[in-house]
Every structure is written in C-alpha cells, then in structure tokens.
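Participant: From first to last, the protein sequence lines stand for chains G and B. For the first sequence, the numbering used here assigns the number 219 to the initial residue and increments by one for each residue that follows. For the second sequence, the numbering used here assigns the number 419 to the initial residue and increments by one for each residue that follows.
Hints in this document: simulated from the structure, not taken from any laboratory. There's no promise every hint is true.
As the list claims (entries may be wrong) - Residues of chain G placed beyond 10 angstroms of chain B at every Cβ, according to the derived structure:
| hint | residue |
| --- | --- |
| 1 | Arg-226 |
| 2 | Glu-283 |
| 3 | Lys-289 |
| 4 | Asn-477 |
| 5 | Lys-524 |
| 6 | Ala-545 |
| 7 | Glu-548 |
| 8 | Asn-574 |
| 9 | Ile-575 |
| 10 | Thr-879 |
| 11 | Leu-881 |
To be verified - If you only want the chain B side, here are some residues facing chain G, beta carbon under 10 angstroms, derived:
| hint | residue |
| --- | --- |
| 12 | Thr-428 |
| 13 | Asn-443 |
| 14 | Lys-537 |
Said to hold, decoys possible - Pairs of lysine to aspartate or glutamate, EDC-like flavour, derived with a Cα cap of 20 angstroms:
| hint | chain 1 | residue 1 | chain 2 | residue 2 |
| --- | --- | --- | --- | --- |
| 15 | G | Lys-624 | B | Glu-435 |
| 16 | B | Lys-537 | G | Glu-548 |
| 17 | B | Lys-513 | B | Glu-435 |
Predicted, not measured: the structure shown is a model, and the values here were computed from it. Don't be surprised by glycine CBs; every beta carbon is placed ideally from N, CA and C.
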Amino acid sequence: MNNSKNQRDSDIQKKIDHEIRMRDGACKLLAACSQRDQALEAAKSLQTCSTRIMAYMSELQRMKEAQVMQKVTRRSSDAGPMDDRLPCKGKVAISDLRIPLMWKDTEYFKNKGELHRCAVFCLLQLGGEIFDTDMVIVDRTLTDICFDNTIVFSEASPGFELRVELYSCCSEDDYSAGSTPRKLASKLSSSLGRSAGKKLRAAMEPGPCSPVSNGGAAPLLLPVPSVPGPKYHLLAHTTLSLSHVQDSFRTHDLTISGNEECSYWLPLYGSMCCRLAAQPHCMTQQMMSGCLKVKQCGGDPQTWTKVYAVLKGTSLFCYHRQEDVEANIEPAFTIGINKETRIRASEKDPHSKVQNICISNQYGGEAVTHTLTTDSREDTHSWMEAFWQHFYDMSQWKQCCDDLMKIELPSPRKPAPVTPKQGSLYHEMVIESSDDLSSTVSDILARRMQELELRSQLGTSPTWMSVFEENNAKCAGRTRHCTSRLSGHSPCTPHRLPRSPASPHRCPQLGLLSSDASLTSDSDSHCSTSPCSHHHGWPEPSSNFSLLSSSPSRLRPRTLSLDAKLSTLRGRGYGGGGAFQCPCQPPPSSLLAPLPISSRSPRTQHSTQTTLSCSSSTSSNSSSNSEGSHSPESSEGVPFSRPSPARRSLRNLRARLDPRTWLQSQV
Amino acid sequence: MSFVPGQPVTAVVQRIEIQKLRQGNNLILGFSIGGGIDQDPGQNPFSEDKTDKGIYVTRITSGGPADVAGLMMGDKIMQVNGWDMTMVTHDKARKRLTKKNEDVVRLLVTRKSLEEAVKHSMGGYPRP
C-alpha cells in the first residue's frame, strides 16, 4: 500500500519537475522571441504549464492529506472492509469545439473601425489531465471560434468534471503602445510574480502542513512570473459532466468573465457547441472471459453447449473456441446483457452441486432464458461478480452504455499519395505497375518529351502559331482535297472557296490575287480543269507544291526571311500532316503554272503569279530540303490538328492519381 | 466489411462464373468496377465501412454476361480466378478482369445479404 502511494508521489513529482522545466523553457522563449505569433504560442505553453503545475501540486496535496486521514481513521476505528464498488473508468473525448461570436452588425458587415484581433485557446481539464487546444487568431471576420482538436482523456470516472476554459489575449496593442506602458506592465507583472513566486515556493515545500490555496474550484490562472510579453486572461469557462455526454453535438452555456472594457474582450454569444463522447471500459474491453456451458431454456435440445464466453459491452459473446476470439470469427451466438437483462443464480444443481446462472432477456416480447454453468463454484462466483460489476458500471455510466460511442483518435489521417503536380519523373514512375520497367520509363520519357516540346512550341512563336494552325488545317483540308483532285473528282472544289475566306489572313490575299487573276469568277471552271492540266506536268509534286505554296501566296507578300520561317513551320506540320512527304524538287518552271490556291490556276496571270510562285517555290524548295531535318519534329504537326494524345494521357494519369477521385472502369 | 490489417479476412462469398462476350475485338463482361487501394474509399456508395478500399461492382449492363451470371450491383469482389482483389489498385483490378486470353472469369463476391442469410441460418437469434 505504501509502496504504491510512494510510487504515485514520485510520479507526480516527476511530472511537476517536467512541467517546471517546460515552463522555464517557455519563459526563455518568450523573452527571446521577437515575432508576435511566436510570443503568443510561447505564452500559451506557459499558461498550460503553469496550470498543469498547479493541478499536479494540488493532487499531491490531496494525496498527502488522504494519507494523513487514513492514518487517523485507522487509529480511531477498525474500518470494515469497504464494500463499495468502484465503477470502471472510461475514455472521454471532446471534439469539434465551436464558440459562436456575436459581433455588432456595424463591425461585422461594414468593417468599420480598426481590426481588433485576439488570440484564443482553450484549456481543458479533467481529473489530473490538462490539455490545451491550438491557438486561433480571432477578428471580426470570423463568426465562430473553431477548435479542430480532439482531446481524449483516458482515465475518467463516471462522475467526472470536465472544465473548459477559454483564454484570450489581445493580439495588437503591445506593439502600438509606447514604451512606457510596457515598462509599467512588466513592473506590474514582476511584482505580481514575486508574490506569486512566494506562494509557489511555499507550496513546493514538502509536507502536508502548507496548504495550497488553489484547489480545483478556483480559476486555474496563475500569474505569469515576471516575463514580459503577451498574457492570456480567462474569458469564459464551463464545466461538463456525464449528463452532457452524447453521441452528437450539443450546446452548452458559457460563463463569461470580463467585460467590454478589457483588452481581451470578445463578444461571445454565450454558448459553446461541442461533441462530448465517452467510452467506458466496460464497453470497449473484455470484462470477463472464460469457459462456460450454456443451455437455452425452451430451445431445441436440452443439452449443454460448451463455449468460450466473453463479456464485453452490452453482450456476452459465446465462441466455440478460445482461438476464435483472436481470429475475429463471429461468435456462435450472443446473449444480450443490458439494462433489461435479469440475472439470477438458480438453485443448486443436485448433481454437480454448482449453482447455475440464469440470464433472462426480452427479445421482442418474448422472454428467453439462457442457463449458464461452470465447472466450479469459484468460477460461478466470479462470473456472478463480473455480472454485478457490469450492471453497476452500466448504471453509473448511464447513457454511455446504450451503444458504443465513436471516438476518433487525434492522429493525423492524411494519406500520402503520389502528387503528379510535382512534375518529377520519380513521381510519375510510381503509378505504372507494369512489369516491364524499361518500357515504362521510355513511355514516360517520351510523353514528357512531347509535352515539353508542345509547351516550348506554344511558347516560342505565338503569332506563328495561328498561321501554322491555319496552314495545317488548310493543309490537312487541302490534302483531302488534293487527293480527291488527283483522283479526278471535281466536287471538292466548291468547298474551297467558302473555306478560304474563313481565315482573316486569306481574304485580303485572295482578293488581291483574284483581282490580279480574276480567280473567283473563274474558280469553278478552273477548278474543274485544273486537275487535268496539273496531271500533265507533274502529278504529285504539283499538288504537293500547290499545297506548299498555297499558304504563302495566300498570305500577304512577305520577305524571303519570313517565308523561310514559315516554310520551316510548314515543313514540320507538313511532315506530320501527312500524306505528301515527297521531297522531290520539280524544276522551277513547272511550278509556275499551278497556282495554288487553287487551282484557280490562272493561266492568264502567270506573270504576276510567277513572282509569287517563285517565292513559294524557293520556300517550298527550302521546305522540302528542310523536311528531312524537321522530320523528327513531325510528330508535333499532329498535335495541332487535334488535342494532343500526350496531353490526354497525362490528364488521365493525373485523374487516376488524384486521391480525391473514385474511378469506375467498365470491364 | 471491416478488417484488421495483418489478420486474415473471413467473408461469406458466392462463386460467380462469367463467360466473356466477344464484341468485335474486345471481350466484355458487362459491368463496371470502382474502388482500389489508390482510390478515395469515402466516395464508395456501396461499402459499409467507408475505409474499405476493395473493389466493388458499381454498374451492371442488363442482359450482359455479368447479369446473366448473377452478379449484383454493390457486390465486393474478393477474388478473380484465384487472384486476390481486396488489396489491389484500380488499374490492376481492371487488368485482372480484362485479360485477353481468358474467356471465363470466376469471381468470388460478397454482399451484405449473404452475411445476413448465413447469420440467420446459424441461429444468432432464437426462433419461435
């Protein structure tokens, strides 16, 4: 007995020493830090440590007093064996604290006046455990103070008192105030500190004779010993107990201390919402287990079934074998043990001389009785004892024993998925679970190369982009038309005219050309005849070159250098676009005739168009020359004509990697 | 179905044998799956335990091979042709079901109604 007491004493002493060290550290930090947030945090930890020290010391005090009292009682009378049952302890968790604020509408909506900010946090105390929540900065843009922490107290008795205190500290005026008030403040605090220090020193002296004034009832605020810096003041408090425990959110009233004049004032609405849940150990732990024989009265065979029974929560689980319990196999059957259950010991069985235990339950209007028997009288007795204890616990914990309340452990449950947004190859690699790693790498590399090139392409010459796109679209369109042309179908031609004015670039040029060559009027006829004429001279190359040269002639007359650039772009797109990759170079003379755009080949305007075609031919030549060099980039031609497959796959990959999705696939 | 990591999982399962249907170049089964260890389990509308990252059947094409074989929406697929499906990524699950050289898939699926049925038949509650 003495040993355990001494053990407890030393435990508490160790805790006190630990807290004192923490407090010293916090003081030093407070003195050293310059930033406001750090100072507030340090002051908060200081507050918590001080409170904890007070609590531990009062605990120590109480224990010493109890020791003394016990000695006294022992001397006076021979106290009989205590027959009081102690209810089982339990876990109490408080979470989702929310304190609504009540700003004046002028303050809140019109944002008038300076922004008054306060730092607040909550101290929660139950028994000897004190926890603090995170600190929250509150100003008039918030409607509630929310604390996201879940605080779990592990050893709470059913008669617990959970004290919730809200501390706040003004988060501004220290800097705005001049130096004089600061000095004053520090002087005041130091003087207070000295007197408080005296109290502390007296309290720390060993011995039961020096009482510590701060018991449990008085506010737990201890004046901070001589440290300048932000100080927290008690703004509101409340006490919660078993009657407030519920599996859902409830509102409780707060007692507010302080008034509007105080610097740390916040307009509280006067209530606090939170979820207070309790898990008594009788619901979560096995209270009793052992081998039994069960018989159901009125059931089919009147034989005893050997089971391994576990008493937990509101049921007696009966497993076939003991191993089933660990293996998490469903029990053979379950007997409910709740407030309506009646358990009694029956008459002694004449054969075995062991008392049976009868458990009666009401299942939907029917009374069902199970009879349990054990091998020895001691077992029966211990089972009865366990049942009585269980009933007592349930009567003490009341509503907590109806159903198991969920308590979420405050461990962070953030999954760590692979984030594709990081963009490094390593992250992309993890996704693919294919066996051939090398192909995976090359796939990803290829994809990334494409993506990079696409991006760089987009970046370099935006102005050329539109041209290129149009060219390509045109080219693509033209290729189609060209093929049809070559094959001899004429109906394609009417498409061209409506298509050509589509681009703003081309209209004027077309106009220009048409003015020169009166294309529009002759287009149809020329179109129809052009294949024939073209066919003679140069079948493929002509179409090729018509395509190639079509673009520059459509555009306004450019300088050669521009043409060169254009041709390179075209060459690239062209290589990708398609069908006509022929790099052959027909003699320049042949180029003159077929004037691209169309086949409106004006035989009449050869002269004017020769100039253009010359330029185009050179460009086409260069393009054809450069085609070889640009072939590696030919793939980029494709992406411009339709959304990039590389992008799409990357997007798919990202969608699959996003941890917030729940993908469905069709099989 | 909640499970303890590291401990074997027990469940009442039903065997379902699906003959794949050839549609052009593809072999289809006629249902959709959701879930996987790389997916967000909280969005699974069929699971009881919202941390269950198993593969669930989310849609069945009526008249399709899966429907004919008796697969139901909301089933959790435990095994496919002997391969485990309780701890796989979504893509892996899809691949296991769509292997081109297999014409038949034999699934082991579990659903709540099965568990209930077995529980009742095992005499959890006394019957009049």
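Participant: Once the closest CB in chain B is found, is it more than 10 angstroms from Asn-574 (chain G)?
Facilitator: With a cut-off of 10 angstroms, Asn-574 (chain G) remains clear of chain B, as the shortest Cβ separation is near 18 angstroms.
Participant: Just double-check Glu-283 (chain G) for me: nearest Cβ-Cβ distance to chain B has to come out over 10 angstroms.
Facilitator: 46 angstroms, holds
Participant: Given the hint that Lys-537 (chain B) pairs with Glu-548 (chain G), test it: the Cα-Cα distance must not exceed 20 angstroms.
Facilitator: 9 angstroms, holds
Participant: Sort out whether Glu-435 (chain B) lies within 20 angstroms of Lys-624 (chain G), counting only the CA atoms.
Facilitator: Judged against 20 angstroms, a Cα distance of about 40 angstroms means the pair is violated.
Participant: Return the status of the interface hint for Lys-537 (chain B): holds when the least beta-carbon distance to chain G is below 10 angstroms, violated otherwise.
Facilitator: 7 angstroms, holds
Participant: Run the C-beta distances from Leu-881 (chain G) to all of chain B and say if the shortest one exceeds 10 angstroms.
Facilitator: 5 angstroms, violated
Participant: Would you say Ile-575 (chain G) is clear of chain B, with no C-beta pair closer than or equal to 10 angstroms?
Facilitator: The claim holds: Ile-575 (chain G) sits with its nearest Cβ about 18 angstroms from chain B, beyond 10 angstroms.
Participant: Compute the least Cβ-Cβ separation between Arg-226 (chain G) and chain B, then decide whether it is above 10 angstroms.
Facilitator: Arg-226 (chain G) is indeed farther than 10 angstroms from all Cβ atoms of chain B, at 35 angstroms.
Participant: Just want to verify: Lys-524 (chain G) was marked as not at the interface with chain B; is every Cβ pair farther apart than 10 angstroms?
Facilitator: Answer for Lys-524 (chain G): holds, closest chain B Cβ roughly 16 angstroms.
Participant: With a cut-off of 20 angstroms on the C-alpha distance, tell me whether Lys-513 (chain B) and Glu-435 (chain B) pass.
Facilitator: 17 angstroms, holds
Participant: Measuring from the C-beta of Thr-428 (chain B) to each C-beta in chain G, is the shortest one below 10 angstroms?
Facilitator: 6 angstroms, holds
Participant: Would the least Cβ to Cβ distance between Lys-289 (chain G) and chain B come out above 10 angstroms?
Facilitator: 50 angstroms, holds
Comparing the model with each earlier hint shows violations of hints 6, 7, 10, 11, 13 and 15; every other hint is respected.
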